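**Student:** Single-letter residue listing:
Protein chains: 2
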Amino acid sequence: MTIKAFNASDIENMPQRVRANFINSLSGFKSGNLIGTTDKHGIDNLAVVSSVFHVGAHPPLLGMIMRPHSVPRDTLQNIKDSGEYTINHICTDLVEKAHHTSARFDSDVSEFEPLGLSPQMSEQVKAPYVLEAQIKLGMQVQDIQVLAINQTELVIGQVVEVILNETWVSQDGYVDIESAQSVAVSGLDSYHTTSRLGRFSYAKPNENLHHLDIKTGKARENS
Amino acid sequence: MTIKAFNASDIENMPQRVRANFINSLSGFKSGNLIGTTDKHGIDNLAVVSSVFHVGAHPPLLGMIMRPHSVPRDTLQNIKDSGEYTINHICTDLVEKAHHTSARFDSDVSEFEPLGLSPQMSEQVKAPYVLEAQIKLGMQVQDIQVLAINQTELVIGQVVEVILNETWVSQDGYVDIESAQSVAVSGLDSYHTTSRLGRFSYAKPNENLHHLDIKTGKARENS
Numbered sequence: 001m002t003i004k005a006f007n008a009s010d011i012e013n014m015p016q017r018v019r020a021n022f023i024n025s026l027s028g029f030k031s032g033n034l035i036g037t038t039d040k041h042g043i044d045n046l047a048v049v050s051s052v053f054h055v056g057a058h059p060p061l062l063g064m065i066m067r068p069h070s071v072p073r074d075t076l077q078n079i080k081d082s083g084e085y086t087i088n089h090i091c092t093d094l095v096e097k098a099h100h101t102s103a104r105f106d107s108d109v110s111e112f113e114p115l116g117l118s119p120q121m122s123e124q125v126k127a128p129y130v131l132e133a134q135i136k137l138g139m140q141v142q143d144i145q146v147l148a149i150n151q152t153e154l155v156i157g158q159v160v161e162v163i164l165n166e167t168w169v170s171q172d173g174y175v176d177i178e179s180a181q182s183v184a185v186s187g188l189d190s191y192h193t194t195s196r197l198g199r200f201s202y203a204k205p206n207e208n209l210h211h212l213d214i215k216t217g218k219a220r221e222n223s
Numbered sequence: 001m002t003i004k005a006f007n008a009s010d011i012e013n014m015p016q017r018v019r020a021n022f023i024n025s026l027s028g029f030k031s032g033n034l035i036g037t038t039d040k041h042g043i044d045n046l047a048v049v050s051s052v053f054h055v056g057a058h059p060p061l062l063g064m065i066m067r068p069h070s071v072p073r074d075t076l077q078n079i080k081d082s083g084e085y086t087i088n089h090i091c092t093d094l095v096e097k098a099h100h101t102s103a104r105f106d107s108d109v110s111e112f113e114p115l116g117l118s119p120q121m122s123e124q125v126k127a128p129y130v131l132e133a134q135i136k137l138g139m140q141v142q143d144i145q146v147l148a149i150n151q152t153e154l155v156i157g158q159v160v161e162v163i164l165n166e167t168w169v170s171q172d173g174y175v176d177i178e179s180a181q182s183v184a185v186s187g188l189d190s191y192h193t194t195s196r197l198g199r200f201s202y203a204k205p206n207e208n209l210h211h212l213d214i215k216t217g218k219a220r221e222n223s
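Going down the list, the protein sequences come from chains A and B. Residue 1 is where the first sequence starts when you use the UniProt record's numbering, and the numbers rise one by one after that. Residue 1 is where the second sequence starts when you use the UniProt record's numbering, and the numbers rise one by one after that.
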């Protein structure tokens, strides 16, 4: 076991691709989602994104960082044009197809077709869900801003529809995304299943934590 | 298996705590980190945060969403005052202690002491690392902005130091955070270990994906 410290200039001096892999690994595990959109001509688009994150619950908001010159550029343009998109959790069975959406398919090709996935329409959003996904969110754009520091774009959307198996929703609102087989992502290309260590009670300074029952969100007996 | 669709008013009408659990689960898996800071009087602070995300690799930037009126308010104030903080991956052994930092300890109490954790200083940043953590990042604030849509604050920092076991760094820069036992978080209180499905090659439209070797980042034979 050799502990190493990298300083700012060590990082700056890495080859570009090495630095990209290195820094993309360091935030910790990430969400893995497929973003569904439709362009002005009615052609659907699907892009793998690992940058979706929680912004707030009331109103229900999720953020997403987009690089204007990277592959999901069609996605960003479609979101700007239509104002709507879907977020579809990547589950274990969909990992390879999801990763394949990062290929540079032509703009006039819907990624659904070559990958053998099915668009699913809804009355709530003008963008396709992935039929095969297990947890699907319909989103309306609330704000898009360019981050001055590196010209990436922060897209903030409001959750206007949630489609999932009701049995995964606990009594206290927690959604068991592990039972839904949603995957976690690390770095640019690594996908992981998960195994729950536990749900823990709201913490107080001088009390031990309790394990919570997954389904009720209440402290377990003898925990 | 009962598929249910929740629309915007179903979500709006949930009790506040249920909606918080529900929406916090829906982004997918999140990073689990302990944020180390020091206040003006030299008292250390440690707070569990699941909102750290990747912003860019060059310069190396990570973002973090902070709620001004939630428990890590000391953390946000300290970051504003000192301009520096540390991000420490929560590993399996640290889950209970990490979750416990969310208790409302008094501002004049360093969370390190009651939780039995050790601050580790560095010449690169004026904030304490968690000695017991396996992956540690030293951060300098680059930008803090209030998101107009819900008054949360987006903190963007630059990675100026990375301390980890060199054997986890692959030849192509990927960091094997699973071998480091970094955990994934779902919702507000659930912690998970991971199991890798695979690293996949850069995708091209008409080519099958290859499995990559974890340590080299190169396509495996017969993959």
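Honestly, the hints are just simulated from the structure, not real lab data. Incorrect hints may have been included.
Pairs count within a copy or across copies, as identical chains cannot be separated in the list.
As a list, the in silico DSS-like pairs of lysine-lysine whose alpha-carbon atoms are at most 25 Å apart [unchecked claim]:
1) Lys4 x Lys126
2) Lys4 x Lys215
3) Lys4 x Lys218
4) Lys218 x Lys80
5) Lys4 x Lys80
The structure displayed is predicted, hence computed values, not measured ones.
**Student:** Against each hint, give a clear statement of whether it holds in the structure.
**Tutor:** Each hint tested on the structure:
1. Lys4 x Lys126: between (49 Å within a copy, 19 Å between copies)
2. Lys4 x Lys215: Between copies only: 17 Å across chains, 42 Å inside a chain, cut-off 25 Å.
3. Lys4 x Lys218: between (42 Å within a copy, 24 Å between copies)
4. Lys218 x Lys80: neither (42 Å within a copy, 37 Å between copies)
5. Lys4 x Lys80: Answer is neither; intra-copy 43 Å and inter-copy 29 Å both fail.
When held up to the earlier numbered hints, the structure conflicts with 4 and 5 and fits the remainder.
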